[in-house]
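Student: Here are the chains, one letter per residue:
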Amino acid sequence: MRTISAIGTPHGVGAVSMIRLSGDEALSVAEKVFCPKGSASLAQRPTRTAVYGSFQDERGAFDDGIVIYYAAPASYTGEDMVELMCHGGVLATSRLFAATLSAGAVGAAAGEFTKRAFINGKLSLSQAEAVGLLIEAKTDSCLDIGIRHLGGSLTKSINRCSDKLLAMASSVYAYIDYPEEDLTDLSPDELKAELNRVKAELGTLKNSYRYGKAVTEGVKCAIVGCPNTGKSSVLNLLAGEERAIVTSIAGTTRDVITETVRLGDVLLRLSDTAGLREGGGEIERLGIKRSIESLKGAELVLAVFDGSKAQSEGDNEVIRYIEEAGKTAVTVGIINKADKGKIHNYELPFKSLVLSAKTGEGLSDLEDTVCGLYKGGIERDMGETITNARQHAAVCRAFDSVESAVNALESGYTQDVAGLDIEEALSALGELDGRQVNEDIVNEIFSRFCVGK
Amino acid sequence: MITYNAESLDVAVVGAGHAGIEAALAAARMGFRTAIFTLSLDLVGNMPCNPSIGGTGKGHLVYEITALGGEMGRAADKVMLQSRMLNLSKGPAVHSLRMQSDRRKYQDNMKQTLENTDNLKVIQAEVTEIKAEGGKITGVVTAFGAFYPSKAVIIATGTSLGGRIIVGEHAYDSGPDNTKAAVSLSASLESLGVPLRRFKTGTPARIHKDSINFEVLEEQTGDVPPTYFAVESEKSEGGYSCHITYTNAETHKIIRDNLHRSPLFGGEIKGVGPRYCPSIEDKVVRFSDKERHQIFIEPMGENTKEMYLQGLSSSLPEEVQLKLVHSIKGLEKAEFMRTAYAIEYDCTDPTYLKPSLEFKNIEGLYGAGQFNGSSGYEEAAAQGLIAGINACLKLQGKEPLVLSRGESYIGTLIDDLVTKGTNEPYRMMTSRSEYRLLLRQDNAEDRLIEKGRAVGLVSDRQYNRYLADKAAIEGEIERLKSESLPKSAELDKLMTDNGFPITVGGIRKHELLKRPGIKIDDIYRLEGNDNPPERRIALRVETEIRYAGYIEKQRREVEKLASLESKKLPPDIDYSAVKGIRIEAAQKLEKHRPESIGHAARISGISPADISVLLIYLSHRGGDNK
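In order, the protein sequences belong to chains A and B.
For the first sequence, this note's numbering assigns the number 119 to the initial residue and increments by one for each residue that follows.
For the second sequence, this note's numbering assigns the number 50 to the initial residue and increments by one for each residue that follows.
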């Protein structure tokens with residue numbers, strides 16, 4: 119594998135920067151750019167030990183710092199790795215980086231260190247994905263989830279379900295394969311009860327994706343309302359006041375630009391659609407008309423009303439649009455302009471709260487309400503959270519199969535049919551951590567049951 | 050040694066056990082000059098362990114052998130002592146037929162079949178050497194110095210190859226049932242580059258019927274009427290019973306007190322034994338919390354008083370065996386006729402075989418049965434049949450017959466062996482198949498008969514009857530789909546009895562049959578049908594309709610499998626050069642040289658990530674070629 123190099127710390131000003139090398143030539147590249155203090159070369163020093171010295175390129179020494187060498191396979195990627203710590207700041211960092219390149223390294227592609235770690239068997243797929251999460255963490259919760267996945271705890275909770283399913287499958291099959299042995303059968307009722315327990319656990323995992331996704335990828339959010347209700351102020355409050363714009367991502371759907379802002383634990387991807395921009399040019403009777411599409415695609419709707427005025431026909435039309443789009447469950451009504459004194463009573467078919475976009479009063483209510491929608495009873499530090507579509511799809515498949523097993527038993531099908539569903543659930547979960555289903559079942563039968571010919 | 054040239058053969062089969070018999074019959078029936086060599090003509094088709102054919106998973110294999118035109122099922126039908134359909138309450142996919150068989154009559158019957166088959170020579174001689182030149186088989190040499198030039202050789206040596214029997218402190222070279230062991234052949238095979246290893250198995254004691262106190266034992270009778278493996282076969286009526294008893298605390302104490310005398314625990318036995326057929330001492334040690342183990346007493350035949358004690362396989366000294374058997378209820382006065390023994394033998398590593406069962410490195414050399422690391426008569430017969438067919442197909446210049454996992458237990462068995470390999474004697478189990486609902490005993494012919502017919506092993510009689518069955522099944526399903534039962538008091542009662550709400554009007558017959566608990570006989574009764582189709586047809590129709598949803602789901606899975614199987618891996622692929630593949634995976638793939646992506650995915654230690662890497666590699670490679 120070619121030796122790759124990358125600046126491991128964020129760009130910008132900091133006290134220390136770190137450059138990472140990985141590959142067969144990592145050590146020789148490092149020796150070209152680093153001269154240790156003392157007579158022993160880097161290769162002669164013990165590995166995984168900090169070595170002080172100076173950094174140099176063809177123009178001479180330009181900085182001093184610390185270097186650590188990790189010999190394969192005891193490194194993050196499983197290859198030879200070197201970490202070079204120089205002084206922070208754009209200048210020293212980029213000069214050192216350039217020096218590693220002229221010494222023979224190539225710039226690493228995004229995620230290449232983790233990819234190599236995965237390929238070399240240092241990380242499981244879900245751990246590798248977790249590293250991605252850590253790197254891209256935009257919120258504290260995201261960081262939490264990432265750290266927990268890295269420790270393999272999502273793997274553990276999936277394994278817990280797998281183990282239970284495996285135990286069921288093996289008792290079903292032990293009984294089928296050895297019908298005349300003196301085995302205690304797992305009755306359909308017991309099997310059903312156990313399946314329901316696993317189903318509940320998988321259900322929790324499955325539902326956690328709502329929150330996991332809200333935390334890591336953000337939820338598509340549309341702000342709707344009649345003109346002059348204060349939609350822009352709400353937007354500014356979310357984006358501006360908190361200075362919480364994290365990043366701008368080119369949308370994958372038809373959105374042109376999505377602004378990602380943080381509200382408590384949840385990331386909101388605010389669609390910058392025409393419907394949200396008013397003023398200038400021709401204004402349609404209801405600003406919402408042009409953002410109907412955005413409303414349909416939204417996972418969260420913030421419906422803004424002018425609390426200083428009574429509920430209008432226009433407001434009712436907005437409500438109808440929301441109802442027609444089937445979004446009442448994910449809509450939060452914002453009765454705005456609380457700073458203007460008297461707040462009118464609004465009759466809304468969804469949750470609502472009073473807010474002043476101007477003063478920020480009521481913002482924490484909004485935060486709680488929105489986060490509540492996504493957490494769905496999941497506390498941040500308990501239970502596991504699914505954060506990507508691949509994991510979610512696998513858990514959903516497992517959940518559906520377990521459900522189908524329960525249905526099969528309930529409608530009087532025999533256990534062998536339920537067994538197939540259990541195997542399917544196992545293989546769905548196995549995709550997440552690469553267990554081989556049939557082998558596992560057969561091994562389990564032999565280890566748990568005393569069976570003869 | 051001085052040798053002389055004997056006659057030339059197309060196919061030489063070494064061993065006349067269950068694998069050898071099917072291989073030789075298939076080759077001879079396909080028109081090739083075939084010889085089957087056996088150490089003793091009195092050993093042909095011997096059952097050195099259970100006197101029974103079939104059982105869970107194994108019954109499926111026998112039905113499949115029958116569908117392909119093999120012999121085992123027909124022979125079993127003829128000498129059946131008791132027929133029992135196992136797992137009747139657990140769904141049609143896992144119904145498994147097991148037949149107690151008259152061991153002696155089975156042997157005689159098989160020997161006669163061999164003797165009466167054209168193109169087949171039955172020869173009592175020890176094959177001591179396999180000859181090959183330039184990686185290609187040239188023939189076999191016997192202990193008497195005869196060289197038989199042969200185009201293909203099928204090794205089906207069972208437990209005779211390097212066999213060694215162990216009873217307590219006593220051990221001696223021997224094949225099963227105290228027959229001669231094949232002592233020279235192992236060295237010859239190894240010199241050809243066939244890897245050998247040691248496996249172990251065992252068998253319980255046989256005791257005299259008159260010494261058993263049947264009055265205190267639980268009796269198990271056979272099914273009335275009995276079920277058979279083949280439609281076109283001579284059938285015995287059976288009527289024999291088996292009996293059940295259990296070990297107890299005293300038995301277990303005797304075993305524990307004498308463990309130091311067991312060659313298994315003393316290290317005398319080095320071969321790897323099967324986990325599913327553990328010796329009684331193994332069971333007592335590994336499952337020490339179990340208070341009793343079940344013992345099945347099976348008749349060995351009509352003309353003998355020997356009785357087989359299933360579950361009491363042991364290699365303890367005879368003295369200890371007697372004590373432990375006498376501690377068991379009903380066996381207090383048991384008289385031993387044959388002592389239980391363990392047997393070690395040489396077998397090969399099946400991952401050196403292609404899915405056709407031909408060795409990858411020696412053209413024309415095939416392995417079958419226990420030699421390939423399997424266990425069981427049925428597993429052996431299945432492989433023998435496939436090896437025999439493929440040896441002939443190769444001589445005909447045709448593609449080998451490779452059955453897929455999605456269409457058969459035989460395919461599953463062979464794929465498991467050649468892909469995953471095995472660390473213990475391999476037994477077929479229903480849990481080894483992913484496509485259980487499709488691979489039922491009752492539809493074996495639908496799955497396989499065309500293939501058996503194509504190679505010329507299925508008789509006109511069997512094939513024509515199959516076509517008639519198929520038409521009858523399809524016709525009956527269509528009829529039940531198009532006809533309704535009118536509302537009636539009887540219908541209401543049927544619904545209520547089975548826990549369903551009564552219907553508003555009438556109901557389509559096949560809709561009714563989909564409801565759990567409702568039987569096809571209920572429909573025949575309600576429609577007043579006094580001329581229903583034959584039993585096997587009616588039951589097939591019931592299953593097909595009831596499980597239609599699940600069957601369809603599995604069919605889709607099979608299609609997915611087929612698409613992975615169709616992604617062929619080029620034979621010249623250099624795995625170490627595949628970018629991004631793990632070293633361990635590259636080594637495994639290098640060793641197995643899988644034929645397709647599907648095949649690669651089943652190799653143990655190959656992860657889904659490795660498969661993704663391979664798929665990417667394949668697509669790049671494809672691109673280069675364009």
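Any given hint could turn out to be false.
Claimed, not checked - Straight-line distance between alpha carbons at most 20 Å, and here's what the computed EDC-like set of lysine to aspartate or glutamate pairs gives: (1) A:K476 / A:E465; (2) B:K602 / A:E417; (3) B:K378 / A:E528; (4) B:K602 / A:E299; (5) A:K233 / B:E633.
Claimed, not checked - Over 12 Å on every C-beta distance to chain B, these chain A residues come out as not near it, computed from the model: (6) R163; (7) G222; (8) N238; (9) T273; (10) K282; (11) A287; (12) P297; (13) E299; (14) E312; (15) K427; (16) R438; (17) K460; (18) Y464; (19) A526; (20) L538; (21) S545.
What the hints assert, rightly or not - If you anchor each label on the Cβ, the simulated ranges turn out as follows: (22) A:S305 / B:A520: 35 to 43 Å; (23) B:R584 / A:A285: 54 to 62 Å; (24) A:G222 / B:E182: 49 to 57 Å; (25) B:N410 / A:T127: 36 to 44 Å; (26) A:S305 / B:S615: 53 to 61 Å; (27) A:S305 / B:R584: 24 to 32 Å; (28) A:D142 / B:E448: 31 to 39 Å; (29) A:N314 / B:R584: 51 to 59 Å; (30) A:A285 / B:R557: 24 to 32 Å; (31) B:P581 / A:A285: 15 to 23 Å; (32) B:H219 / A:D142: 30 to 38 Å; (33) B:S615 / A:A216: 33 to 41 Å; (34) A:N314 / B:I551: 46 to 54 Å.
Treat the hints as calculated values from the structure; they're not laboratory data.
Small disclaimer: the values here were computed from a predicted structure and weren't measured.
Glycine is no exception: its CB is placed at the ideal position from the N, C-alpha and C atoms.
Student: Is A:K476 within 20 Å of A:E465, Cα to Cα?
Tutor: 23 Å, violated
Student: Honestly, do A:D142 and B:E448 meet the 31 to 39 Å range at C-beta?
Tutor: The hint (31 to 39 Å, Cβ to Cβ) is violated, given that A:D142 and B:E448 are roughly 44 Å apart.
Student: Tell me if the beta carbons of A:N314 and B:I551 are separated by a distance inside 46 to 54 Å.
Tutor: 30 Å Cβ-Cβ, so the 46 to 54 Å window is violated.
Student: Verify this label for me: A:E299 is non-interface relative to chain B, using a Cβ-Cβ cutoff of 12 Å.
Tutor: Violated, because the least Cβ-Cβ distance between A:E299 and chain B comes to about 6 Å, which does not exceed 12 Å.
Student: Determine whether the non-interface label on A:T273 survives the test: each CB of chain B must be over 12 Å from its CB.
Tutor: Given a closest Cβ separation of 14 Å, the condition holds.
Student: Regarding the assertion that A:P297 does not contact chain B, is the least Cβ-Cβ distance greater than 12 Å?
Tutor: 5 Å, violated
Student: Return holds or violated for the Cβ distance of A:S305 and B:A520 against the range 35 to 43 Å.
Tutor: Cβ of A:S305 to Cβ of B:A520: about 41 Å, so the range 35 to 43 Å holds.
Student: So A:R438 supposedly isn't at the interface. Is its beta-carbon more than 12 Å from every beta-carbon in chain B?
Tutor: 39 Å, holds
Student: Lying within 24 to 32 Å: is that true of the beta-carbon distance A:A285 to B:R557?
Tutor: 40 Å, violated
Student: Are the Cα atoms of B:K378 and A:E528 separated by 20 Å or less?
Tutor: 41 Å, violated
Student: Holds or violated: is the Cβ of A:G222 farther than 12 Å from all Cβ atoms of chain B?
Tutor: 20 Å, holds
Student: Test the statement that A:Y464 is away from the interface with chain B: the closest C-beta pair must be farther apart than 12 Å.
Tutor: 47 Å, holds
Of the numbered hints listed earlier, those contradicted by the structure are 1, 2, 3, 4, 8, 11, 12, 13, 19, 20, 21, 23, 25, 26, 28, 29, 30, 31, 32, 33 and 34.
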